[in-house]
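Assemble the complex: chain R is given as a structure, and chain X with the ligands must be docked to it using the hints.
Read top to bottom, the protein sequences are chains R and X. Numbering of the first sequence is given in my numbering, commencing with residue -16 and proceeding in unit increments. Numbering of the second sequence is given in my numbering, commencing with residue 230 and proceeding in unit increments.
Calculated from the structure, these hints are not laboratory results. Among these hints, one or two may not hold up.
Chain R is faced by these chain X residues, among others (derived, beta-carbon under 10 Å) [unchecked claim]: (1) N417; (2) Q418; (3) A422; (4) V426; (5) A428; (6) A432; (7) H436; (8) P440; (9) R441.
For each residue, glycine too, the CB sits at the ideal point set by N, CA and C.
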Amino acid sequence: MSVLSIKDVSKIFPNGNVRAVDSFSLDVADGELVCLLGPSGSGKSTLLRMVGGFETPTSGVMTIDGEDITRLPPEKRPTGMVFQSHALWTHMNVFKNLAFGLKLRKVSPDEIKRRVEGVLELVGLGGYGTRGVGQLSGGQQQRVALARSLVLEPKILLLDEPFASLDQHLRERLREEVRDIQQRLKITTLFVTHGQDEALSMADRIVVMRDGRTEQIDRPDVVYREPQTPFVAGFIGTMNLVEGTVSNGIFSRAGYSTPLPVSDGPATLAIRPEALDLAAAEDGGQGKVHRVTDYGTHGLVDLDLRDNTRIKAMVSHPDLFKAGQGVTLKPRAIAAYRDNALIHRA
Amino acid sequence: MTMTTPDQIGSVTPARRRPYGLLLVATPVLLVLWLIIWPIISAIITTLWVPTPEGSAFSIETYRFFFSDGYSLSNLSITLWTTGVCAILLLVVCLPIALYLRFSNTKVAAYVQGLAIFPMFVPSIILSFAFIRVLGPNGTVDLLFNAVGLPKIRTPYLTPWGPVIGLVWDNIPLTVLILLSGLGNVSNQAIEAARDVGAGRFALLWHIILPRISNSILVAISFAVLGIFSAFTLPYILGPAAPEMMGPFMQRTFRDLYDPQTAITQAVITFGFCIVFGLFYVRSVAKNRAA
Ligand SMILES: Nc1ncnc2c1ncn2[C@@H]1O[C@H](COP(=O)(O)OP(=O)(O)OP(=O)(O)O)[C@@H](O)[C@H]1O
Ligand SMILES: [Mg+2]
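Bound-form chain R, shown alone (with noise of 0.2 Å):
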C-alpha cells in the first residue's frame, strides 16, 4: 500500500518557461526511503517543495493516504521537510525550536517536554536543548533541524541534501545515523541528492531524474548493475560510454570490435571499467596505454582508442601495464543502448 502517490505531476515556473518537473509519477511505499538522485537542475527540490506545499503543481495530483493534498498549504500536510541549511530559528534554543511546531498543536507542557527530550535523545543531542542553535555545529545543527520534522511524527519526511554543507566525515556518519533512525521509526522517507554515494548506501529506490522526468526507478543495486538509460549508466559509478555503429552483429569504433547482436545502425556502448579486463598486444592492438595509477589494492588504466576516444579499465595487476604500450580490450560484461533505451546486455 502506497503512502504517497504522485501522479503526472508537472511543474512549469511562469518566468521560467522551463519544465522543471514534466509529467512525474511516483509511489512511495510505507516506510519505504527513495532517493531522488540526479544533476544539477533535474527539478529533485522542486519535486521535494511541491510534496511539502511549497509549490504548486501546474498540473498532477499528489496523494497523502489516499487523501488529495495537491493543493493544501504546507501548514495543513502530515509531512516534515528538513533544508539544507539555514532553517533553525535563531532566537529559539533548540527545545524551543522542537517545541514550537507542538505548541501550535497545543499539545501540553509535559507532554512537550516528553517528546522533545525523547527526539533529541534519537538524534544523539540529549540534554542540548537550552543550548543557543548558534552554538552548534553544522552536524548538530542539522540533526535539531531533522529532530523538529521527527518531534511532529510526520508521515512523511522530506529531506532536500540535508548534509550538503557538510564535510564529508560527517556526512557520511549522519547519512548512518539517519538511515538508522528512518528504519527504527519507520518513516516514509523521500531523500534529495545529487551524491550517487549517498544515494546507493540509504535509499530502498532511487529515482534518477533528467530534465524533470524519471529516467529510471529501482533498486541501488539494480540501478547500478542494469541502468535502462545511458544517461543512467553514465551518471551512476564511472562507465566507458563508447559511440559506434554496429553492422552484420558487430560492433565497431576505430580499430575496436567486438559482437554486438543487435540489428544495424548507431549504438552506445556501455562497459564498467571493473568489467574490462586487458591484454597487452604486440602488434599495436586496439588500444594504446596513456597512464597507469597504483591505487594499491588495484590500478586503474587510462587508454585512448586511435581516434584518441578515453576508457578507462580496472585491473588487478598495474605494473603489467606501462604508458604507450598496445592493448586489446576483453569485456566481460557489457550493454548497448540505441534511442535512449537498453537493447541489448550480455
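The following block gives chain X with the ligands in isolation, referenced to the frame of chain R:
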C-alpha cells in the same frame, strides 16, 4: 600589493606608525568636539548662569520657568503626542509595506518599493505645499468631493494632525528601508520551516518574523522619533499656531520674542529627550553587536 591590518601596524612598528592612525581620527574627533560637544556644553552653561544685576549667577530659573509655564508644557506635550502618534502610525504603515516587499516577488513589488522610497527625494518644504494643495482648504480632495456633491472635508491643515500626516509620509522611506534590511536577515528556509511545522500567517509573523526584526523595529523607531521630535519645517507650515511643536516654538522664541536664553533652554530640554531616544538606539545596536 600588500595589505596591512591595523593589528599589524600596531605590532610591527608601533612607535613609528601609530601617530598616523591617531592623526586620522583626530580630525573628526576635533570637529565633533568643536561643532557638537562644545555647543552643547556652552548651551547648558548659558541656561544655568543667569545674568543678575550683580553679574551672572548659577540658577535653574529658566528650567523652572519652562516646567511651570502652561504654554511651554502644552508645547512639550503636543510634541510628545505627535512623536508618539507618528511612531505608531509609521509602524502600522511601514511594517506591512516592508513585509510585502520582502515576500512578494511580483513586478508590482518593484513599483511599490519605488513609491515607498520616493518621499526621500522630496524636500519637506515641497511636501508641505503638496499636502496643502491636496488636503488643505479648497484643495484637490475638496474639489473632488464638491464635484460629486459631498460636503467639504474637515482639513487636517493647521491642526495637530497636519504635522502628523506630513511627518509620517516624510519618514516612510527610511523606516521601510530599515525594516526591510532587518527582514533580509530572516531566511526563506526559516520561514518555510515554520510553515512546515504548522505555523499559519499570524503565528509566522508573531513567533518567527517579529522576534527576528525587533531590533530593526527599535532602530527604525529611534531614528524616526529623533527626527520627528525636533522637526521644524513640517510642523511650522502644517501645524497649528498654538500649541506648537518644540521646533517652531524655539524658532519663534528666538526670532520673534528675542529671548535667546529661553530658546536655548527649550533646545536643551529637547536635546535631553532626544538623548533618551538616542540611548535606546545605542542600546539596541550594542545588543545587535553582542548577538
Ligand atoms: N523559483 C523558481 N523560478 C524559476 N525557475 C526555477 C525556480 N526554482 C527552480 N527553477 C528551475 O527549475 C529547474 C529545476 O530546479 P531544482 O531546484 O528543482 O533543481 P535540483 O535538481 O534541485 O538542482 P540542485 O541539485 O542544484 O539543487 C531548474 O532549471 C531551475 O532553474
Ligand atoms: Mg536542489
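(message) Next item in the hint list is Q418 (chain X). Is there a CB on chain R closer than 10 Å to its CB?
(response) Holds, about 4 Å.
(message) Does the closest beta carbon of chain R sit nearer than 10 Å to the beta carbon of A428 (chain X)?
(response) The hint holds - A428 (chain X) has a Cβ within 10 Å of chain R, the shortest such distance being about 6 Å.
(request) Return the status of the interface hint for V426 (chain X): holds when the least beta-carbon distance to chain R is below 10 Å, violated otherwise. (result) Hint on V426 (chain X): holds, closest Cβ of chain R at ~3 Å, below 10 Å.
(message) The hint names A422 (chain X) as touching chain R; please verify it with the least Cβ-Cβ distance against 10 Å.
(response) This interface hint holds because 4 Å falls under the 10 Å limit.
(message) Holds or violated: the hint that P440 (chain X) contacts chain R, with Cβ atoms closer than 10 Å.
(response) With a closest approach of 5 Å, the P440 (chain X) hint holds.
(request) Please verify that hint: N417 (chain X), Cβ, nearest Cβ of chain R, below 10 Å or not. (result) 9 Å, holds
(request) With chain R as the partner, please determine if A432 (chain X) meets the hint condition of a C-beta pair closer than 10 Å. (result) It holds, given that the least Cβ distance between A432 (chain X) and chain R is near 6 Å, below 10 Å.
(request) Answer holds if the nearest beta-carbon of chain R is closer than 10 Å to that of R441 (chain X); otherwise answer violated. (result) 6 Å, holds
(request) Go through the hint on H436 (chain X) and say holds or violated, using the shortest Cβ distance to chain R against 10 Å. (result) Holds: closest Cβ of chain R sits about 7 Å from H436 (chain X), inside 10 Å.
In summary, this structure violates none of the numbered hints.
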